[in-house]
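Bring the two chains, given one by one in their own frames, into a single complex with the hints.
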Amino acid sequence: MVRTLLVRGLWVGLIAGLLVLGFAYLFGEASIDRAIDFEEHAARAAGEPHGAELVSRSVQSTIGLAVATVVYGVAFGGIFALVFAAVSGRVGHHGPRVTAALLALVGFVSVSLVPFLKYPANPPAANNATSIQERTGLYVAMVLISVAITIAAIALGRRLIPRFGVWNATLLSIAAFVLVIAGVQLALPTVNETPADFPATVLYQFRVASLGSQAVLWATLGLLFGWVTERNLPRAWSAHAHTATPAR
Amino acid sequence: MSQAIASPTLAAIPLRVPVRELLPWAIFSGMLLLMLLYFVGAEQGATAMFSGSYLHEFLHDGRHLLGFPCH
Ligand SMILES: [Zn+2]
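Chains as they are written, first to last, in this note's numbering: chain A, 1 to 248; chain B, 1 to 71.
Treat the hints as calculated values from the structure; they're not laboratory data.
Any given hint could be a false lead.
Some but not every residue of chain B turned toward chain A, in silico, with C-beta under 10 Å [said to hold, decoys possible]: (1) 15; (2) 17; (3) 19; (4) 29; (5) 30; (6) 45; (7) 47; (8) 49; (9) 51; (10) 61.
C-beta: ideal position from N, C-alpha, C; glycine also.
For reference, chain B alone in the conformation it holds in the complex (with noise of 0.2 Å):
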């Protein structure tokens, strides 16, 4: 990019977040976030951590407009 050597604006310099200050972010919470996705579109469904099933009920809606696999 050698315009933007030429004027480096501040908008024109990309946001750049070093690696090690992205990765335990990026693991712990990425880790939360999808366990999140988890609850929302399959416990109680293919996979059950909890036994009944109240949130597949309760979710169920959801579950399927947000193209979950449901019955």
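Isolated chain A (complex conformation) (with noise of 0.2 Å):
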């Protein structure tokens, strides 16, 4: 059962990621070339030598964009299998295509959106280089905080059901989730090394580009992976028949 989740899994995130390498290829590339551009303006005026191309630009754009999609769908296609899996029948008592629906949703908000709000993609040239260690420890500090805070927030939700109802207890639990994040975003160091000069439309598109194959990625991993489970679903409840218990 597992190895039909997670295989089923790892396809589906085959497939989101293709999409999300149309996207940010169709939306995203436009505003990494003119951060380029910017980059090598402002390196021209410092009177900096231009250093060799390890790769070339044509080929970041496009194979080197799309493994790194694709790979990136893969992985997360996989988790998303899995996390489905640990789910599935124990929070909330829904068939696989709701499940999978509300698992991308949550995925969304709490491993793309909220780390988002606090450190946002930046194009190429928004950041001095030298602090590449110090921002993805804060990156991944601020994915894993809020994955935990993510699961403390459904926790609290299902403990508060009984008294509440499920309406009452999902706000409940969504205004303690928002609480406890904004005040860690508040806590946690600010990084603004932008340059002043930095064109403002550019990592305006860039972002809502980074924003959007995030969508791209969760919507498709919730819609095809519930659809596709949902489908055959009766044949692997009746594999499963007899190791699995019933919804209470």
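This is the structure in structure tokens:
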């Protein structure tokens, strides 16, 4: 059963990665090119020598981007399937389609949107290359904290259901999530390294494209994985009926 | 879920994978998948298992657009 779900997650992730590639190429590459123009212009103005390219721009923006997005999609697809296997029938008693859609929504907010609000994606030349260690540490910490608070908020919501009902318990747990996340984001250090003359439209367009790519990823994972799992449910269920416990 | 017991149709029964079946998969493939994410997002960036910067340069646009810290 887990193997079936995992393999499904991987190929759904592959498709999601390809869609992310298309989206990122169409909406993100132009702003990367413009950011690199800015970078080269600034380097020339400062009299820095033009360094030899290890990988050409045309490879970076096509095959390089494709490998990155597809591997990213496959990895997230697999993780999505494992988390789906863990929460299905335990957190809420929905069918696969609804469970996968809700999981994708929660994943988007928790893994993509919340970290983006504090440490948004940046185009080339919008940060100091020298601070990459510090920024990576903060970004990873933000993702892990966000996921941990999400799990805590869901656990809280489930405990509140008997007293307040599903609707109010959900609202209360979302409110608790927002409050704690706001506190954490206020406490974490701010990164603001973007040069004053960096073009604002490039920054804006790049960030919208980046967040859009995340939305494409999670929407594809949630909807496609849920649809295929729902369709294959009777077979999967009967193969497993002797070990699995029906919902309470 | 009293309604589910009253009419136990197949679609109303959520899929539930036993923990002891899930755990080995979650640990081994979970680690592998996280390693993949590490290679896409941070190898030859913040930390490096391999020397050089070819991987960083090759995956460069993806790193920026997927939200990983870069330059
Ligand atoms: Zn970069």
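Exercise for review: Would you check whether residue 19(B) satisfies its interface hint, that is, whether its CB is within less than 10 Å of any CB in chain A?
Suggested key: 8 Å, holds
Check your understanding: Should the interface hint for residue 47(B) be scored as holding, given a Cβ-Cβ cut-off of 10 Å against chain A?
Key -> 8 Å, holds
**Study point:** Agreement of hint residue 29(B) with chain A interface, Cβ distance less than 10 Å
**Key:** Nearest chain A Cβ about 6 Å off; hint holds.
Point to revise | Satisfaction of the residue 30(B) interface hint, Cβ to chain A closer than 10 Å | key: The hint holds - residue 30(B) has a Cβ within 10 Å of chain A, the shortest such distance being about 6 Å.
Exercise for review: Mind checking the CB of residue 15(B) against every CB in chain A and telling me if the closest is under 10 Å?
Suggested key: 5 Å, holds
Practice item. Verify the interface restraint on residue 61(B): the C-beta must sit less than 10 Å from at least one C-beta of chain A. Key: 4 Å, holds
Check your understanding: Holds or violated: residue 17(B) as interface residue toward chain A, Cβ cutoff 10 Å?
Key -> 5 Å, holds
Check your understanding: Can residue 51(B) be said to touch chain A, with a Cβ gap under 10 Å?
Key -> 13 Å, violated
Review point. Hey, does the residue 45(B) contact hint survive, CB to chain A under 10 Å?
Key: Hint on residue 45(B): holds, closest Cβ of chain A at ~6 Å, below 10 Å.
Review point. Should the interface hint for residue 49(B) be scored as holding, given a Cβ-Cβ cut-off of 10 Å against chain A?
Key: 15 Å, violated
In summary, the numbered hints that this structure violates are 8 and 9.
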